[in-house]
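**Q** Given chain A's structure and the hints, the job is docking chain B onto it.
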Amino acid sequence: MKPDKQLPHESAELHVSGEAVYTDDIPELTGTLHCALGLSQCAHARIINIDLTAVRAAAGVVDVLTAKDIPGTNDCGPIIADDPILADGLVQCIGQPVFAVIATSYEAARSACGKAQIDYDELPAILTPKQALQEESYVVPPMHCHRGEPEEKLLSAAHRIKGELSIGGQEQFYLEGQISYAVPKEKDSLHVYCSTQHPTEMQHHIAGALNLSAHAVTVEVRRMGGGFGGKESQSAVFACVASIAAHRLQRPVKLRLDRDDDFMATGKRHCFYYQYDVGYDEAGIIQAAKIDMVLRAGYSTDLSPPVASRAVCHFDNAYYLSDVSIRAMCGKTNTQSNTAFRGFGGPQGAIAIEYIIDDIARNLGQEPLDVRRRNFYGKDSRNTTPYQQVVKDNVIYELVDQLEHSSDYRRRKQKIREFNKHSPVIKKGIALTPVKFGISFNVVHLNQAGALVHVYTDGSIMVNHGGTEMGQGLHTKVAQVVAATLGVGVSRVRSSSTVTDKVANTSATAASTGADLNGKAAQDAALQIKARLADFAAEQYGGQSEAVVFSEDQVLVNGSAVRFSELVSAAYEARVQLWSDGFYATPGLSWNQETLTGNPFYYFAYGAAVSEVAIDTLTGEMKVLRADLLHDVGNSLNEAIDIGQVEGGFIQGLGWLTFEELYWNDKGRLLTHAPSTYKIPAVNDCPVDFRTTLFDNENQADTIFRSKAAGEPPLLLSFSVLFAIRDAVASVADYQVNPKLEAPATPERILQAVAALQSMDH
Amino acid sequence: MVANLTGTLAGLPASVNDMTDPQADSNAIRLIVNGTVVTVTNVDPTLGLLAFLRTRLQLTGSKEGCAEGDCGACTVVVGELSGSRLTLKTMNACIQWVPALDGKAVFTVEYLRQQDKSLHPVQQSMVDCHGSQCGFCTPGFVMSLWQVYNTHQRKNTRASDPQLRSALSGNLCRCTGYKPILEAGQQMFDLPAVAFDEAVIVEQLRQIARPQALTYQFEEGSFYAPSTLTELTQLRRDHPDAVILAGCTDMGLWVNKQFRELKKIIYVGQVEGFSDIELNEDDLRIGAGASLTDAYEALQGVYPQISEMHERFASLPVRNAGTLGGNVANGSPIGDSMPWLIALGARVVLANSQRQRSLLMEDYYVDYMQTALREDEVLLSIEVPRPVAGQVFRTYKISKRYDSDISAVCAAFCIQLQDDLITEAVVAFGGMAAIPKRAGNCEKALKNNHWDENTLRAAQAQLAGDYQPLSDMRASADNRQQLAQNLLYRFFLESTATHARDNAPLSVYEVVS
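Chains as they are written, first to last, in this note's numbering: chain A, 1 to 762; chain B, 1001 to 1513.
Since the hints were made in silico from the structure, they are not lab data. Every residue gets a Cβ at the ideal spot worked out from N, C-alpha and C, and that includes glycine. Accuracy of the hints is not assured; some may be wrong.
To be verified - Within a straight-line C-alpha distance of at most 27 angstroms, the following computed DSSO-like cross-link-like pairs (lysine-lysine) qualify:
| # | chain 1 | residue 1 | chain 2 | residue 2 |
| --- | --- | --- | --- | --- |
| 1 | B | Lys1437 | A | Lys115 |
| 2 | A | Lys667 | B | Lys1263 |
| 3 | A | Lys130 | A | Lys530 |
What the hints assert, rightly or not - Here are some chain A residues pointing at chain B (derived, C-beta under 8 angstroms):
| # | residue |
| --- | --- |
| 4 | Ala20 |
| 5 | Lys68 |
| 6 | Asp69 |
| 7 | Gly114 |
| 8 | Thr677 |
| 9 | Phe690 |
| 10 | Leu694 |
| 11 | Thr746 |
| 12 | Pro747 |
Chain A extracted, bound-state conformation (with noise of 0.2 angstroms):
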């Protein structure tokens, strides 16, 4: 049986009821306490002292607890133990918890944090990637990839560009805030809610913390309200503080973060600045392509090292690079320690390539779409990638053909240029960028997943596995997978909470790996008593196991039809086990986090996107009129939540590139810390003219039922607007000029831009 590919998202009834219950959702227990941190308020400081007097004297506080009260590890960083869950003597940022206040109500707690008394002596702080550059303040070494004679190629080459760009980091902003629900259990455990991808990391930090076992604690989360890898290590201060406060007092506490303290507690997209040299030909084909990327890591190590990877990983983009050098910095800056979000640094990678080849077009006086593809990967020479992983399934010329053409991009773009020639102020551009995005996490063992599936003797299925739902429609595929396996309508199968009691050492649903990973695993359990079912039924009914068919809620043995809930209750009954786990490994991949080199990839995900922009040269106001989507997902799970994912990560990366900016002032203060400052994408900002259509295509690799990730490629599909504005500030100066032009590109940059290019006329 094949999956409904417009099958609904299995909670979408209870989201629209207000039914699905969030982590805050859950009934309180009686007595159940509620926590607030207080935050740091110096970027970089020693902390003489700490007076709480005055915060343990306010109305309804019970406890109030800072690194001393900490009984186990005071750590909770995913890879390096550098991210104290209290500050201990020591402040790296504005907005680093130091203390946690336990009391009665969610707003006596909030409102009792702020009476505290700190004396701080303050330190030099470092505040931007160019900062850290300078003063090489970094997280990790830096890391190097190199192929060929990059130095030797780029004073041969015929031409030369060298530049500076910086593109700005961008908040996770799900809508559902942090959140960790902990509640005592008997003989020295706990039961903790938490909204997080990492339910398995969560269990060991809050272990850790307490000196447990981690089998005293069990981590549950049913759904989150958006995750975007905003809460892949970093729910873990959260889940650690309200465990901790929880143990202590023998009462549930919950800890939810107000959105400011969201903001200002945890890490975002990092921020990079890139220093680039690049020699090309006369066509435009790269010959050598040096870059430094430097990424805001912020005051600890947390995910930049594998950030930093996927961003040299991602680099090439779509593009065949044969003499490369690059580097990638995690720069040390005393703000918030930034982390995965949807990319996970891919984005930033493939970005800067980008950026190179629309110079390259404009000093060539090419059309970009031309030299873009004079670089593509070829299919079979010109296919290795810079860290030696040779690129096998490639797309990208078929998939930018057809994207061109359904896009009608060439008379379009000659319209445009018609336009702009009789319209002053309101200018308009175009571009069509190139997505190829590699799959599975860097980190080889991370590439693997367990589930559990129960048949019960009614004929109804329970599947649990590792992964996390956090809107994605995780579980809607993983059901339907299981249902497919087993030949039965998607409506048996239930997907139940992730817990760590159920599937152990799991890993975060990250990498855009959720159905891949999960999926294969609960088709294995599946398969098993599938095989099982086969074998009883051939001994009930003759005929070979082998030819036994499961289809439509029926089992079809030996020329008899059986309903499934029959055979399933009669194997009950023969002793048949009717439950299963199920395992699975990504096969064939290597990885030398020290070289930099090997098979990170199963497989890679394709995509292309035109976008058409207006800009005001007057106001540097700027509307997307017209945005076509063309992304392969390979055979789809489900075109509805895949479509899902491709505009929303289409419209999330708008945001990223034009009006969500983060906005430090100089004693590293955070000013975009809510939604009144830091703006995401509205409903005006989806374009009225919004095309969104899947690639025919199925995955070579043997993926479940030959689909693709869909989580994090569309995101960069977003770069078209970018270079759209580009290429509409272009026009000012007749596109014979580089705009500058850096992300995210708000109305003062593109006016900056324009008025650069004005004053040159002159």
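**A** This is chain B only, laid out in the frame that chain A set:
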């Protein structure tokens, strides 16, 4: 028990369904939640509606995404009687205080399922169009769409795409990119119709209507909801330390974000006639209590030039709750109404218990967040002169995002032209100084000059002397200065008959692919 309930409340556990006479305690707050009368005592006057719904009534469908009225995850619909009719409006529950809802009806997402438990067309179309992903924002969207649905059901019409976008301007979704939600907003009209039974709600609202003003007290907190202007000005006189509450779209944040403890609150929302809007021979008089929605709608009838400002002023739920009077009285340097009100020569009318006085809007603002309002006065109304022949007026807003953003710069220009001679000029900006402020030098450079490029350049140059704007997260000082000059240029292009643009567009919002 904090809440005593009568009737059946959708989604409520029966144990709190305490049968109480709705008229029993005249000092208790009475409101209707999802068709059930709820009597509330023993809560702080600044208890937010969202917290009340979620933690006291266990109605957890409405979500908290920001607690400042900017994300819409807590959107509910609030019904009020206006005469015999029920008016329904979306609002952000996170920044509404429960006592201000006395005598009103609140509808949450839990209300929508039909008797047989099937989904309402709004909900069904959201499912069918895949309008939810993580689902956290969804109840808010559903309520905004429900309001659109009911409005159009009443009139037997359908919403256009721009109408839907306007209605959803206060709902943020981080997952979908909005397209499927907009599609659901169309498809909901194709499903079998479900009518909203107004009569029942109207009857309930009549039952809880209050014969005299509400004075609600809890511990040291007092909440006064006077019903006449006399009561209001007397309360103001007797309690100069009280805060005046209208739409709560700003003061909600004082409590949610700044933990301010407000002991005395005078709520103007029940004062008779306080939100009236009158079109007189010379002016449009807007009562200080008129919602931004109603005020802008009336003003747009007189000055169609403000239609874009209307759409871009905050979001629909904030415009529904917030008042023009509150926007003016607040004295914020970045409010979007003041520049154009100043440019049009609007006056504010202030009243105490003895007398009224009126002054020009520009004289109302003294310094940063300081106004000419005396401590015994309330803002009574805003009077906007009607257009006169030869007047050319425009107002512009520049912000990072189109919907619901705070201006980097807000500009208003109003000139009086005789042929091409400028006889009067008022130029006012927000975001350029500590208060909404006129550009005196620029005005001088315009006045008594011909409206040509020379005058334009001279006037542009003067703006640099008129303002020394600040740099902040919305824009740099240089950018603000540049915008001010360029917006004057845009005004020039829009207001002169022959200019360089040859009817080319002057706004990105008026072009299509």
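**Q** Which of the listed hints are not met by the structure?
**A** The structure conflicts with hints 1, 2, 3, 5, 6, 10, although it agrees with all the remaining ones.
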